[in-house]
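A.B. asks: These are the residues of each chain, in order.
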Amino acid sequence: MSVNVVVPPLGTTVDTLTLIAWYKQEGDFVQKDEPLFVVETDKATLDVESPASGILQKVSATAGDSVNALSRIAVILAEGESLTEAKPTLLVEKPVATPIQAPKPAPALEQRKLSLPRRIFISPRAKRLAETSQLAWQTIVGTGPEGAVVERDVRAALSKPQSAVTPITLTTETDATELVALQARLRQMGVTVSYDDLLLLILVRALREHPKMNASLEGNTVTHWEAVHIGMTLEVEEDLRLVVLRDADQKGLKALAQETNALKRNAEAGNISPDQSQGATFAITNLGTFGIDAFTPVIPLPACPLLGVGRIKQENAGDKATQRHNMWISLSFDPRLVRGVLGVRFLQCVAEYIETPTLALI
Amino acid sequence: MPVMTIAEALREGIREEMRRDPTVFCLGEDIGIPGGFGGAFTVTLGLSDEFGHDRILDTPISEIGIAGVAIGAAMTGMRPIADVQYGDFLFCMMDQLANQAAKMTYMSGGTVKVPLVMRAPVGSTRRGSQHAQSLEAFFTHIPGLKVLAPSTAYDAKGLLKSAIRDENPVLIFEHKLLYGSKGGRSEKGALTAVGEVPDGDYVVPIGKGIVRRAGKDVTIVGKLLTVYRALGAADELAQEGIEAEVIDPRTLIPLDKEIILESVRKTGRLVVVEEDNITHGWGAEIAAMVAEEAFFYLDAPIKRVAAPDTPPPFAPPMEEFYVPSVARVVAAVKSLF
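Going down the list, the sequences are from chains A and B.
Heads up: the first sequence runs through residues 1 to 362, numbered per the working numbering.
Heads up: the second sequence runs through residues 1 to 337, numbered per the working numbering.
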């Protein structure tokens, strides 16, 4: 069976590349994953490995040619297979996964994906600096001799904010009808708690089930925390700032309510101590009180996962029996910190607690 | 302060030491004959007028004899300064130097000292394969010898004095293009390596290098003429924003490792420039030493700029190609960025 040799799509911006050279000639045997040809973008020169083992045939581009991403420039035939019996599809099937339109991925990462199978060279000096700075040098593209990562590359990477990694955001709409009802019922019983307090409680319960979500990333170091310190985004002096409620998992609903009230009063007065603004192991931003339906929460530094909460919207107004309340929630996290599937499960868990909040009281 | 050439500074150094110590004397071919040049490069010119032919001793053309006499004299209480007309002739003395001079102190358990000084001109100066070699590395490989390579007039006088007063055999290599020899002994393409030399007694300690130019981006180590090539390259590199630090070890054995290591720890890059053939050379030793002792500070491979592995050619265009030039040093440095 023939296998097409295709010019790889280099990220989201590059359509045309220059073929620099073939490592093999037509008729040569090539091993799968062996470097087959070199292409150049405006940013880098990259080896492309052979997609299969076999004989290189039908080479249609030569060194110096401009080639389009995803175009076929040769085929690889199994030994003994002839060109006529092999019917290579004329055009490459469009790959199903087109690159995700992430908000401006850093060029370093874009290239990194492609150069992954290549050996990365790093100078001893650069490596020492990267390691003492706890920086993952494997993600840096070198500009030194022979493409090696040198000191200036590490320094450049260090001076870049950590947001060079695109955060993942998951969003779901939840049914908050019971949450609204619970708050009303508690109020009737003389317990005044806000939605923020109930959400904090829910968050703590969900974290208990998914302790790996209670984590932060500093430099390249992931730390899973035992203590649960929840950062809440509050308005402080006309700015949104993270204010930290410590040991949230050690507190019941009443204590949480008292403490959030105190933090809110302090925030209003602009009276937040440094101790109250750092050390979050998880964060929550509720913009529902500002009338926002849904949004992408911005991860604070050092990066911990962040739950965004939108406005509780009433549907079917008037008819008490069918009246529903909906609320959008979003979870943002650094993919180096939390695996995507864990994030999905965690968000589902939070949604379930919102939809059945009495479970959180147990 | 008087300004002198290296040849003049050496002459002053010899004169002062011979006045200071009656055991000091010079021997060599044509170093004191009336109407002569004062050796091949004028270093001893006029000294026989002051000290006579017993202390400025002309010898037959027999390098093995010069070495033997010098070693014997040194072992028996004299402090000879042997003049080698061309460094290439050191090969004629190899047994005397490597097997006798270098080993005598060790073999006698320290009871015999060999305080001799041997001065030898090196460098390619359009004299072909047998009068143009740079032999320093051969002698840095022999335990028991000290090896000096002064590149300025100040260092030439100061190091010579240290060598004369040292209890061990010391070889001083001098570059023909740096002597500043005049008249019939002036060299084509010579540099004007004149410099201020204080009157009277001073020494430059053996084993101490010097930073000839400070910089933060790359360390260039040279010796003798290649110090000047390195400085020329540093000038050119500065125009492109690369600040090179140029180090002149001055003493090859014992080597001031720390001055090189300290510089490389700062710059992260090293280029060694030498006029000798590249293979198994002095540059290889510096590179190995830095790789062993400052590896984690290196930000680029270590580069050597040296002569190719052939004898020095006679034809001027070939020689120009052979000897490390400023352009080659610049290119080597740039390849590290």
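Since the hints were derived computationally from the structure, they do not count as laboratory data.
One should not assume that every hint holds.
DSBU-like mimics (lysine-lysine), calculated; alpha carbons at most 35 Å apart, straight line [claimed, not checked]:
{"no.": "1", "chain 1": "B", "residue 1": "K161", "chain 2": "A", "residue 2": "K127"}
{"no.": "2", "chain 1": "A", "residue 1": "K254", "chain 2": "A", "residue 2": "K264"}
{"no.": "3", "chain 1": "A", "residue 1": "K127", "chain 2": "B", "residue 2": "K216"}
{"no.": "4", "chain 1": "B", "residue 1": "K113", "chain 2": "B", "residue 2": "K188"}
What you are looking at is a predicted structure, and each value in this text was computed from that prediction instead of being measured.
A.B. asks: Taking the hints in turn, state whether each one holds.
C.D. replies: Against the structure, the hints:
{"no.": "1", "hint": "K161/B with K127/A", "result": "46 Å, violated"}
{"no.": "2", "hint": "K254/A with K264/A", "result": "15 Å, holds"}
{"no.": "3", "hint": "K127/A with K216/B", "result": "19 Å, holds"}
{"no.": "4", "hint": "K113/B with K188/B", "result": "40 Å, violated"}
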